[in-house]
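Undergrad: The chain contents come next:
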Amino acid sequence: MNPPVHFLFEGAFDCDSFLGFARHRADRLDIDLDVNACSGTRVSLSVCGQEALVDMFEMACSLGPTDCIVMDVTRSDA
Amino acid sequence: MSSEAAWVPVALSASIEPGTSAGAVVEGAELVVWRDAKGVAHVWEDRCPHRGMRMSFGFVRGDHIACLYHGWSYDTAGQCRHIPAHPDLDVPKTIKIATYAVEEAGGVIWTRLATAAQAADPLPTMGTNLPVRSLYADCSAAHALAILKQTQLPVGKDETYPARLQVVTPHAWTLEAGALSLSIAVQVIGPQKIGLHILADEGSVDLIAALARWAQALRLALEAPVTVAEVA
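These protein sequence lines are chains A and B, in that order. For my numbering, count along the first sequence from 1 and bump the result up by 333. For my numbering, count along the second sequence from 1 and bump the result up by 60.
Same shape as in the complex, but just chain A:
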C-alpha cells in the first residue's frame, strides 16, 4: 500500500459539487479518499492508491466540476 498523499485545492468551491466529483473520480480510479476539510475557498483531501492513478486523480480534480474553479493545487506526499 502506498503512503497517503495530501492535496490542498484553493479556489472557489461548492463543497457538495466538488466533493461529489472527487468521490466519483476516486471510486473510478480505485483510490481511498478522506476529506479533511472543505470551505468555499479551500478543500483538503488525503488519498491513497497507485501512484499513476493518484496523478490522474490530481489532474481530474484540478479541472473539477463546472461550478467550481481551482486556482492552485498543493501536493504533499507523506
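It is worth saying that the hints were derived from the structure and are not from the lab. For every residue, glycine included, the Cβ atom is placed at its ideal position computed from N, Cα and C. Don't take every hint at face value.
[As the list claims (entries may be wrong)] Just a few of them, taken from the derived set where beta-carbon distance is under 7 angstroms, the chain B residues facing chain A:
| # | residue |
| --- | --- |
| 1 | 142 |
| 2 | 146 |
| 3 | 149 |
| 4 | 152 |
[Claimed, not checked] Have a look at the derived ranges for each label pair, beta carbon to beta carbon:
| # | chain 1 | residue 1 | chain 2 | residue 2 | range |
| --- | --- | --- | --- | --- | --- |
| 5 | A | 365 | B | 119 | 32 to 38 angstroms |
| 6 | A | 373 | B | 146 | 32 to 38 angstroms |
| 7 | A | 395 | B | 90 | 25 to 31 angstroms |
| 8 | B | 253 | A | 365 | 43 to 49 angstroms |
| 9 | A | 373 | B | 281 | 34 to 40 angstroms |
| 10 | B | 210 | A | 350 | 49 to 55 angstroms |
| 11 | B | 147 | A | 349 | 35 to 41 angstroms |
| 12 | A | 350 | B | 97 | 41 to 47 angstroms |
| 13 | B | 142 | A | 399 | 29 to 35 angstroms |
Assemble chain B onto chain A, guided by the hints.
TA: Relative to the frame of chain A, chain B by itself:
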C-alpha cells in the same frame, strides 16, 4: 417508450463487420456497437470512462476496443486492460464501461438496456435474414406505422402490391405482399427519429435493388410534411 427488458435493434448484422465499430442511439441512450475479430458483437455505453470520448470512434484490435483519444483499451467484458501512458499500471477493476446483453437473430443485432438480473422479453422472431438496408428518418414510430399501412411493395418488374402490415412486437414489424415477405426491426432513437432495419426473405434476392429503391422512397414519405388533413 419501451421497457428495459425489451430487445431493441441497433444495426443490421451485415453492417458491422469484424474489427469495426459504429455508434447507435436507443431512446436517447448513446451506444457503441462493435464486432471483435472472432465475429462476436458487443453493445456498450458509447463513452470512455477516461475523458468521455465516444468509443464508437475507437479502433478494434483482436478482442479489444481502444479509445481513439488516449488509447485506453478494453476487453470484451468492458474492463480496461491497458493504458498506454502507464504501461506498467495494474489497471483497477473500477475502470470499466457499462455493457449490455446482445443477441443476433434474423440478420439483426439486438440489445436490451437492462441489468443482467432483470428478466428478458423473448427475442422477436422475424423469419427473414436477407439485409436490404437500414433507413433513418425524422419521424415517430407511430407515424412510420401509419405510412407503412398504406405502402405498396415491389413484387416484380414494375409491379407493386399493397402490403399487409403486422406488428409482431413494438420493435419488430412485418410486411407481406404476394410471395414477398419483409421484416422491419424498429429502433426508436428519439421521439421524432427512428431507424428501420429492413430485411427480406432469402427468396427475394432478385428484388433487393427494387426494395432498396422502395426504402429510399419510404424515407421521403416518412419525412414529408404532415398535411392539415392528416393532423385532423
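Undergrad: Hint by hint, note whether the structure agrees.
TA: Hint by hint, here is what the structure shows:
no. : hint                               : in the structure
1   : 142                                : violated, 13 angstroms
2   : 146                                : holds, 4 angstroms
3   : 149                                : holds, 5 angstroms
4   : 152                                : holds, 3 angstroms
5   : A:365 to B:119: 32 to 38 angstroms : holds, 34 angstroms
6   : A:373 to B:146: 32 to 38 angstroms : holds, 34 angstroms
7   : A:395 to B:90: 25 to 31 angstroms  : holds, 27 angstroms
8   : B:253 to A:365: 43 to 49 angstroms : holds, 44 angstroms
9   : A:373 to B:281: 34 to 40 angstroms : violated, 59 angstroms
10  : B:210 to A:350: 49 to 55 angstroms : holds, 53 angstroms
11  : B:147 to A:349: 35 to 41 angstroms : holds, 37 angstroms
12  : A:350 to B:97: 41 to 47 angstroms  : holds, 43 angstroms
13  : B:142 to A:399: 29 to 35 angstroms : holds, 30 angstroms
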